[in-house]
Amino acid sequence: MSEILKVQDLSVELQQKHILSDVNFSLYSGEILGLVGPSGCGKTTLLNAIAGFVDFTKGQVIIDGVTISSSHSVPAEKRNVGVIFQDYALFPHLTVKKNIAFGISKLAKQKQQQRIDELLTLLKLTEQEQQYPHQLSGGQQQRVAIARALAVRPSILLLDEPFSNIDTRLRNSLMIELRALLKSLNISAIFVTHNKDEVFSFADKIALIHQGNIIQYGTPRAVFDQPKSWHVADFLQIGSWLPITRNGDKISTALGEITTIENTNINEQQQVILVKPQYLTLSSAAPNCVVKHVSFTEQGYHYTLSSINQDDDLSFDELSFYSDTLLTIEQKISVILEPHEYQLFLKPCHQ
Amino acid sequence: MISRVKYPVWSATSWLIALALMTPIAVMFFSGIAANSDTFLHLWRTVLPDYVLNTVLLAVYVVVLVILFGVPSAALISLTNLKTRGVLRWLLLLPLAMPAYVIAYLYTDLFDYAGPIQRYLRALFSWQSPADYWFFDLRTLTGAAVMIALVLFPYVYMLTRTAFEYQDQQLVKAARSLGLSSRQCFFKVTLPLARPAIAISASFVLMETLADFATVQYFAVNTLTTAIYDTWLEYGELSTANALASILMVMVLLTVAAEYRARAHQRHQSKNKQTSKVRISLTTRQHIIGGIYCWFLVIAGFLLPFILLVDMAVQYFEQTSLAGLWHAGLNSLEVSIYVATVATLIAVLLGLYRRLSGVKNCAIPLQISGFGYAVPGTVLAMAMLATFGPLDHWLNDVAKWLEVPMPGLLLSGSLFAIIFALVTRFAAIANGTIASGLTKIPKSLDQAPASLGVSKWQSILTVHLPLLKSSIMVAWLLVFVEAMKELPAVLVLRPFNFDTLSTQVYQMISDERLEQGAIGALFIVLFGLLPIIVLNKKE
Ligand SMILES: Nc1ncnc2c1ncn2[C@@H]1O[C@H](COP(=O)(O)OP(=O)(O)O)[C@@H](O)[C@H]1O
Ligand SMILES: [Mg+2]
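In the order they appear, the protein sequences are chains A and B.
Counting from 1 along the first sequence, just add 18 to a position and that's the residue number in my numbering.
Counting from 1 along the second sequence, just add 2 to a position and that's the residue number in my numbering.
For reference, chain A alone in the conformation it holds in the complex:
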């Protein structure tokens, strides 16, 4: 696989504010990268920097072999980067057909027509050819936006929250369809979302952004199994947090003592372990938790538990736990943590 995009030490400042600092990552041909992170972390800015809508102060971006840096900028229209905008940005005064033809007006008429027909068929828009954007449904509008971007044969496609305007009920099937389409055309794409479910089902690679930095990059599986920091695990809601204390070799939690974990240097910050729900089981021992909230999900009952003892260093109050057994609110229960390879994190102070 060849590298289609390489971002090196990219920094962006807007109105004297650091928005992105030293971002590094690569995208391989045909790969879909999901950028995730909380609102305002700089995802759109990163796409804008790649597409050429904001200038960067430092670093470089190499698109399909062409190097762009702050001293050697290439205007947006010369970068050959396709963009699917959050609101699709369809031209309201043009028909579907003319929207798709917008970027290829320099091609010969016959060639244009051929490409438009291909895309109309591919994206199931043949019926809508002569309609205007406002006459289309949200899903159809999205497909027009995709057809329009693909018409110019971009080297990469950038999609900014492509599913945020789609009904939640339709979202999943649209995601599957779009992914299949991108894969069948072998298109390299970066897509942005602040929804962790979307990124896990859509992306080949994940980049998690926090305060203008990529804090983890990898396959969804790798990120899920080995989150690198508290922020990653917390944002992706990989599990819940259980505080620990150490006394020599002895490590205690509110759910009992656990076997040794690798001894990271002792720090003033509070240490917590990541607990994935599959490692928790109900037992008949003396109660150690209280049920605080119950919700019903397709995986059975989802309980939020807090420790019975609320005023020591080991107390917790938002432990996620799934079970088929019906429990009631304020019921005191016993939960055991099954031994496994524990993952230790430092909890940020101000959280």
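Keep in mind that the hints are not guaranteed to be accurate.
Stated by the list, open to error - From the structure, some residues in chain B lie toward chain A, with a derived Cβ separation under 7 Å:
no., residue
1, P444
2, S446
3, Q449
4, A450
5, A452
6, S453
7, L454
8, S457
9, V465
10, P468
To be verified - List time: in silico SDA-like cross-link candidates among lysine to any residue, alpha-carbon distance up to 20 Å:
no., chain 1, residue 1, chain 2, residue 2
11, B, K445, A, G58
12, B, K445, A, H111
13, B, K445, A, D105
14, B, K445, A, G156
15, A, K35, B, K362
16, B, K442, A, D105
17, B, K8, B, G360
18, A, K116, B, L467
19, B, K362, A, D73
Said to hold, decoys possible - From chain A, some residues computed to sit far from chain B (all C-beta separations above 12 Å):
no., residue
20, L188
21, I256
22, T277
23, G318
24, S341
25, L344
Since the hints were made in silico from the structure, they are not lab data.
Glycine included, C-beta positions come from ideal geometry on N, C-alpha and C.
Chain A is fixed; fit chain B with the ligands onto it per the hints.
Just chain B with the ligands now, with coordinates in the frame of chain A:
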């Protein structure tokens, strides 16, 4: 972000245009305040206190009156179940089409000693002479204020009505749920929330009042505008006229500052017109009083003068010089087409510059160019003379030196000065219309063409201009009509023997023979109706 010089030609053009538009005003203002202190002292000892007092009094009276006319009518139309509110809604806008000096003339004709009302009363009560009875005299400062207020109150009505209609209904519902009656609600919630809108429209009226020339001139009320006009055209004292214009400018600047403050307070408006609204039910008595009030405003501000004008036009048709009318009409058309076209082009250029250039401070040219709307026509005229007069002299000197024919008053004595002045005055109207058209284009449409490999210039041609088409047409029309109606600047700047419809009508009015210019006046009114129709359609 590293700031680089992007689009140097576009930037330079935008800044140059904006600065060029403001230069004459600055030149006039500085040469005005730099006038030798003797001029000021002399003015101050003689007429200035009177002029300033009259100007201020007129402004205060007009503002009080437009609020009295505009706010209750807006409340009645938008908040109550007043009968006929459907037609009144737009009828109340029509007075805007009437020039104040025209209704001043018509009402003077109607109410003066020789007019039909007093004749009828004399016949009825067998009075012989003016000593036998008292009758109000319209030709006073108060009379002028009433005339001006009758045609300007629709600004207050329009903005206040919009404020009422777009108010967040949740706030009213909250107040009702907290136990306020609908009446208390109006005074404690609805009206206070509309206060910024009232203030903005009142300051707008204030600017128009400060700019009024013809009404006060006709009523022989001495204000700063009439003083500027007289000192320049009667006595030819340019520096005194400049000094007076600078004083008027200071008053205008104060008004602009007030408006600016009012705008800063304008919030609480929701984006959408609130339809599911419970209207206040009026009692029969309130219905009658409210109905009479609104209909009085419509009749006094538009219907009656309009009928009088039509009647005059028909009766004196024989005596009207159609050739003169035709000539003046063509001149008006020529001036207005130039002004509208130039102002719209500038608005599109500066609007797109601000929107698309991505250059630092790209909004400033647009802001600078919009300032002229506050400057009275007489002041603008003085500004043109103060700037282009010396320039013409210099050109003539150069011509003499080069031994080529001298161009004469190439700039200050030609259509150039008129068009320059009117573009300065009405640029803001075009700017505002284009700007509001631009805000309706989503930001992503600016970037989409580039992502498809299309250059910025190409995208302006294929995306922005087509989407702005209707805004461009509306902007052109609004400026066209305003240019058609504008009087004082044209009056001062017009070349010898050059008449437009408005100067011709004004001339007839000062000669007390509007009868012969009634058709011209009707044209002005009918043109004035166009923007009202457009505004009404836009809703
Ligand atoms: N034009 C701008 N000028 C200044 N700050 C901006 C601008 N655009 C975005 N920002 C700031 O940059 C940060 C990142 O914004 P953005 O990239 O839109 O975040 P995201 O898409 O991840 O929600 C935010 O704090 C935002 O306020
Ligand atoms: Mg975003």
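| Can the hint on A450 of chain B be confirmed by a CB-to-CB distance to chain A that is less than 7 Å? | holds (4 Å)
| said: Hint validation: S457 of chain B versus chain A, beta carbon distance must be below 7 Å. Holds or violated? | reply: holds (5 Å)
| query | Should the hint that L454 of chain B touches chain A count as held when the rule is a Cβ pair under 7 Å? | reply | holds (3 Å)
| Are the Cα atoms of K8 of chain B and G360 of chain B separated by 20 Å or less? | holds (8 Å)
| message | For K442 of chain B and D105 of chain A, compute the direct alpha-carbon distance and say whether it is at most 20 Å. | response | holds (14 Å)
| request: Return the status of the interface hint for P444 of chain B: holds when the least beta-carbon distance to chain A is below 7 Å, violated otherwise. | output: holds (6 Å)
| field | Consistency of the no-contact label for I256 of chain A, given chain B and a CB cut of 12 Å | value | holds (33 Å)
| said: A cut-off of 12 Å on Cβ-Cβ distance, and G318 of chain A was said to be off the interface with chain B. Does that hold? | reply: holds (41 Å)
| task | With a cut-off of 20 Å on the C-alpha distance, tell me whether K116 of chain A and L467 of chain B pass. | result | At roughly 16 Å apart (the allowed maximum being 20 Å), L467 of chain B and K116 of chain A satisfy the hint.
| query | For the hint on V465 of chain B, does the least C-beta distance to chain A fall short of 7 Å? | reply | Holds, because the Cβ-Cβ distance from V465 of chain B to chain A comes to roughly 6 Å (cut-off 7 Å).
| message | Would the hint on S446 of chain B be counted as holding, given a Cβ-Cβ threshold of 7 Å to chain A? | response | Because about 4 Å separates S446 of chain B from the closest Cβ in chain A, which is inside the 7 Å limit, the hint holds.
| field | Given as non-interface: T277 of chain A, which should sit over 12 Å from chain B by C-beta | value | holds (53 Å)
Of the numbered hints given earlier, the model fails none.
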